[in-house]
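A.B. asks: Order-wise, the sequence lines are chains A and B. The first sequence begins at 1 in the numbering used here and counts up by one. The second sequence begins at 1001 in the numbering used here and counts up by one.
In case anyone wonders, no lab produced these hints; they're calculated from the structure. Do not take every clue at face value.
The list that follows gives simulated cross-link-like pairs (lysine to aspartate or glutamate, EDC-like), each with its CA atoms no further than 16 Å apart [said to hold, decoys possible]:
#1 Lys410(A) with Asp1116(B)
#2 Lys410(A) with Glu1118(B)
#3 Lys1185(B) with Glu1164(B)
#4 Lys204(A) with Asp304(A)
#5 Lys1125(B) with Glu393(A)
#6 Lys264(A) with Glu404(A)
#7 Lys31(A) with Glu55(A)
#8 Lys372(A) with Glu340(A)
#9 Lys1185(B) with Glu1162(B)
#10 Lys204(A) with Glu393(A)
#11 Lys204(A) with Glu247(A)
#12 Lys371(A) with Asp1116(B)
#13 Lys108(A) with Glu17(A)
#14 Lys1125(B) with Glu404(A)
#15 Lys1200(B) with Asp1154(B)
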Amino acid sequence: MTKARQRRLRCTARLKEVMGGHFSALAKASKTGSAPIAWCTSVGPAEILRALGFEVYFPENHGAALGASRMANRVMPRAHAMGYSQEICSYLTSDIGAHLAGVTPLAKAGLESIPKADVLVFSTNQCRDVREWFEYYGREWSVPVLGITAPRSVDQVEQAIVDDVTFQMEALIPPLESIAGTSMDSARLSEVVKLSRECSDLWKRCLQTAQTIPSPLTFFDGTIQMGPAVVLRGSAEATAYYRVLLEELQERVAGGVAAVEGEKYRLFWDGMPIWGKLSDNSTLLAEMKTCVVASTYCNSWIFDALDASDPLPSMARASLELFIARSEGAKQWVLEEMIEAFQVDGLVFHDSRTCPNNSNARYGMPARLQKKTGVPVLVIDGDLNDLRCYSDEQARTNFEGFIEQIADSKAFRSRVES
Amino acid sequence: MTMDRFYGGIDSGSWNTKVVLIDGEARLRSSAIVRTGADIETSAAECFDKAIERAETDRSNVISVWSTGFGRHSIDFAEDRRTELDCHARGVAHYMDGPLTIVDIGGQDAKVIHLDGEGRRLSHKMNRKCAAGTGSFLEEIALRLGVDIENLSDLAARHEEELELGSFCTVFTSTEVLALIRQGKKPPDLARAAYRSLIKRVTEMAVLEGLVVATGGVIAHHPVALEMMESMADCRVVVPEHPQEMGAFGAALAARNACSRVSK
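Okay, chain A solo, but in the shape it has when bound (with noise of 0.2 Å):
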């Protein structure tokens, strides 16, 4: 096997200045009280939240941190513990960890602690557990929950469930004014979501780039990327900044430049990443010539149903359409499309442990997906964080006998053809 080359992208300083910015923004409401703090979850109603001048911060984020730089391992067990059973998310449980042995690895980023909430928001369009997070931190520091409980294993998005969530979202509103001590300017919440709006489209054209042979452009890069999109969406720094990204994405494809170096194989990526490995995945997948170039998770932060003319109807159909809100039906259907659209050899169900939610491969979905469209399938068992699901060898073995295989399969086709 080759050492392949994974061409960095130009932005990413930029990007860390970006993202440097926002947890500078939330540490100066911390330590002064320039500003509420609200947490969100996020694909929660953030725009709400940004509207009315809180400091908003994104716990799943955190959750990502510390399982990227493997803090996540050593914190959990504080939260199983007291009782956060080993079976939930490990976003959670690494955070309540973390957050107990006074730890994060955003202070590398100028976070030194995580801010103390003055109210936390959550949304269940992703899952349950989102909320139980939110209510240990709400009785910890005796501050508010508030929140959508949305509908899940959406079909169709029905506009009597659209109502539904518009309607607890103009509810949420009250509470919020009185906390962030204002009232909400409805032509700044529009240009809230506008702003939203354009970070959604702009990273979505960023992700459409990877349908483009070769990819300028891999999963692995894109949950570095996205960053911005969770956290700053509805700034004008978000957009600001998906505009270079865009830019230098275009300069490789007019260029031909591959994200891998020599890109003969395609994948798709379903389900959350495995924080921990993100680099061993990345690079074991790059020397087998093989790019990553589509997710179901990268794609979770594009909101094509927001509309500033009609901002909390269209925030609650955005957040209904979701692929991680959506029945199996519909995902599949969604599966089918980005296939078709990326190009792909192969699928990777990623069946993460402790995050049913968004791990796709428990119904049925990869065979008959396989059997449907010829595209070949692997599950791959692992974790976000609980890096204790993953076993190095057996997912090392899997990735390399699936290769293998599309690589027969493709070799068969050209010999046929030829």
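Based on these hints, arrange chain B on the given structure of chain A.
C.D. replies: Structure of chain B alone, referenced to chain A:
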């Protein structure tokens, strides 16, 4: 000493290292098995030397060597490598026409591999990060019953009562065995229940369809496991020649194929 030309395959498994030498006609001419231990490269070299000695040839007559198995990346004298998924499939497809389902049960992993009518791999499943459904599970149960692993199958063959054990976790199953011992259950019945548990775990991994072929050390040395697989999967299960060395045989075939491609 023969001056025939050979191709070598090394399967560096978690328990045992297997080496096969084949000739230009893909006939298996010699094989050897040694414990892998902690030094992968040394056990591979030792095993390779044994196979050469048994083939009554010299190292210089071996044209190419490929490796497979979990230690495949650690054997410097192998020219190239393939996964054990590929090598078991390649080895079995050499003997049998597809569609095939290959069930390979090794020391620390179990695999189910589906091949199409042309012998190409369609899919595979490996056991999860757990010893249940592998040879390590039988080792644990043999230890609990106080018998050598080599004698576990003979013990199970003397069973009188059909018992059920869990198949979720080796440690939990071992605890179940203790509880059944306290209830006065007999070792042959417990040994048979252990095989049932192991095969249940494997047959849960994927649908067994087409011609079902079993390979690996567990099938090679535990006749009760084969009987149990046929009974539980409700199909005939074929065991090819040298099932334990099938991965090494596949690696040798890969070496031979690569050389024939180069020489064309």
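A.B. asks: Would you mind marking each hint as holding or not holding in the structure?
C.D. replies: Status of the hints after comparison with the structure:
no.: 1; hint: Lys410(A) with Asp1116(B); verdict: holds, 15 Å
no.: 2; hint: Lys410(A) with Glu1118(B); verdict: holds, 14 Å
no.: 3; hint: Lys1185(B) with Glu1164(B); verdict: holds, 12 Å
no.: 4; hint: Lys204(A) with Asp304(A); verdict: holds, 9 Å
no.: 5; hint: Lys1125(B) with Glu393(A); verdict: holds, 14 Å
no.: 6; hint: Lys264(A) with Glu404(A); verdict: holds, 12 Å
no.: 7; hint: Lys31(A) with Glu55(A); verdict: holds, 12 Å
no.: 8; hint: Lys372(A) with Glu340(A); verdict: holds, 12 Å
no.: 9; hint: Lys1185(B) with Glu1162(B); verdict: holds, 10 Å
no.: 10; hint: Lys204(A) with Glu393(A); verdict: violated, 34 Å
no.: 11; hint: Lys204(A) with Glu247(A); verdict: holds, 13 Å
no.: 12; hint: Lys371(A) with Asp1116(B); verdict: holds, 13 Å
no.: 13; hint: Lys108(A) with Glu17(A); verdict: holds, 12 Å
no.: 14; hint: Lys1125(B) with Glu404(A); verdict: holds, 15 Å
no.: 15; hint: Lys1200(B) with Asp1154(B); verdict: violated, 20 Å
Checked against the numbered hints given earlier, this structure breaks hints 10, 15; the rest are met.
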